[in-house]
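Enquirer: The chain contents come next:
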Amino acid sequence: MQKHWNALRAYRHGFLLDFRRTQSQATSNVAATTPASLVELQQLRLDDARALLGPEMVEALPPREQSAAYLQGVIDGLCELSLKDPLTGLSNRRHFRNVMERTIDIVARSGDPALLLMLDVDHFKNVNDTYGHHAGDLVLQAVGRTLSKCVRPMDTVARYGGEEFAAILPNCHSHYGETVAERIRQAIEKLTIQIAPGIQIGITISIGGAYAPEWVRSTTALWTERADTQLYNSKTGGRNRVSLDQPQEIYVSAEEKNMLFGHLALGDPAWIESVSGDTPTSNANGSAQRVN
Amino acid sequence: MSDELKSPQPGTEPPSVPLMPLGKVVAVTSGKGGVGKTFFSANMAASLAKRGLRVLVLDADLGLANLDVVLNLYPKITLHDVFTGKAKLEEAVIKAPGGFSVLLAGSGMVEYSRLTPEVRGDFLHIMNSLVPHYDIVILDTGAGISDVVLFSVSLASEVIVVATPEPTSLTDAYATIKVLVNQQKRQNVRMVINQTARLGDGRAITMQLQQVLDRFVVSEPGKPVRLIHMGDIPADPSVRQAIMRRQLLMQSMPGCPAAMAVTQVAIKLQEALLPR
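Heads up: the sequence lines are chains A and B, in that order.
What the first sequence shows, in this note's numbering, is residues 1 to 292, in sequence order.
What the second sequence shows, in this note's numbering, is residues 1001 to 1276, in sequence order.
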């Protein structure tokens, strides 16, 4: 396996050089030199890449002038594959875990609230059993698209496994969490999914959510566990509902901080010197005082 | 416990809801670590003991306890042994140098730093059996706003937040108070400002905190949160000396400004909790 990767890397290097040369010669846009049809990311599977790395690789490659772009496309595709779920195009579980870890770091440092949602399609087994697995796939894809539409670009939505999805919403204040989760639930409820000509079905989703504990470093396991508990509550509470972990209202806004240190600007406490001697601080606080 | 605090489903209630605020139990906490919480707890206990009260200090910082370091005590039997059933509760309570009793967590407690129903139950049981034997029980909690800290604070009828004048410490103290008001519906929070440079700084800081709370923290109608300024402890080189020698300030340098200030806080607390 390692050998293959090395080979791929070497090829990539050589082809990249070639590619850059062709680019500089023909300054027309890259899209023209890389026909979209050459690499269909949606259809790219690890098998394609393996075939490429086999002994017949050279014969398998398209003509010389196209191969650089093609191989680059394969590499980009592999990178995508390692992050994305092939069926829905959402993040995969591994990538999601990395995002979670990073979010925990950020929350522990900044105290900005972050919400984790766990979402599970209700009675998904019935869809599979009644209409077949292709119908199930269509449902999952539709759910994936709807989830992506309901959140901000900065949020991460993942297919967590089976019919379970997960989302991380950084910088999501406690009163918005409920709104977002409810919006998702309603959007899924309104969805009509065409699974075969003339057959449309509707589904519902159960949602559980938990905020990352602010100011303290949590673990992905504990955070997931809390969200899972809430998902379980939604399921046992009758499905098609939202349950959120009681958020801890400990977000300290910039306004609050400004007012907290407002007395620094009063000038008299001696500890102002030991804390900060720079005037910008006192100016900032001074203006806050006037606002009050 | 008021009705709105009760969770509809048993077992799903947030861990920080006061289970049964016990009489004469004082939790000492802080948002930020390293502000002198344990130092203050131990010396205030010594001061109260000197005034003839039966005082117990309980190391409620299950994860990173260091009351043993401050008191220079390393008993064979600790709270850990009680939790694991290796020893009886009475064996783990020992006499500290300042004339008060102490129950140390022991280093094995890290594994109990996650608040499971068992840990909660054990802790509650221990508190229930100890409290009747003392005039005041002081819970030296951990820093921050973790489940364990909030749970141990929820067992106390009074809470003292220790902070220093640094903006980081104030922000974290403010965040802690906010949680105590929001989650535990606390109305009174006592403040001790440690390491102040000038007389009056502490009171000014408490007033400032109160103003920010009044403006930003929504409490129940007619039940505003009130900060009670318990006192300033001035920055004093004797404190560092005592800590480095691992002695109680109350014993080694009872006349120094910081020790006098701790005594003032102790008197105020005694008056509030045990009025004659």
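Since the hints were derived computationally from the structure, they do not count as laboratory data.
Remember, predicted model here, so these are calculated numbers, not experimental data.
Incorrect hints may have been included.
Straight-line C-alpha distance at most 27 Å; calculated DSS-like pairs for lysine-lysine [stated by the list, open to error]:
hint : chain 1 : residue 1 : chain 2 : residue 2
1    : A       : K257      : A       : K125
2    : B       : K1050     : A       : K257
3    : A       : K257      : A       : K190
4    : B       : K1268     : B       : K1050
5    : B       : K1050     : B       : K1086
6    : A       : K257      : B       : K1223
Partial list, derived from the structure: chain B residues whose beta carbon lies under 8 Å from chain A [as the list claims (entries may be wrong)]:
hint : residue
7    : V1131
8    : P1132
9    : Y1134
10   : A1175
11   : Q1208
From the three backbone atoms N, C-alpha and C, an ideal C-beta is built for every residue, glycine too.
Enquirer: Tell me the numbers of any earlier hints that the structure contravenes, in ascending order.
Expert: Of the numbered hints given earlier, those the structure breaks are 1, 2, 3, 5, 7, 8 and 9, listed in rising order.
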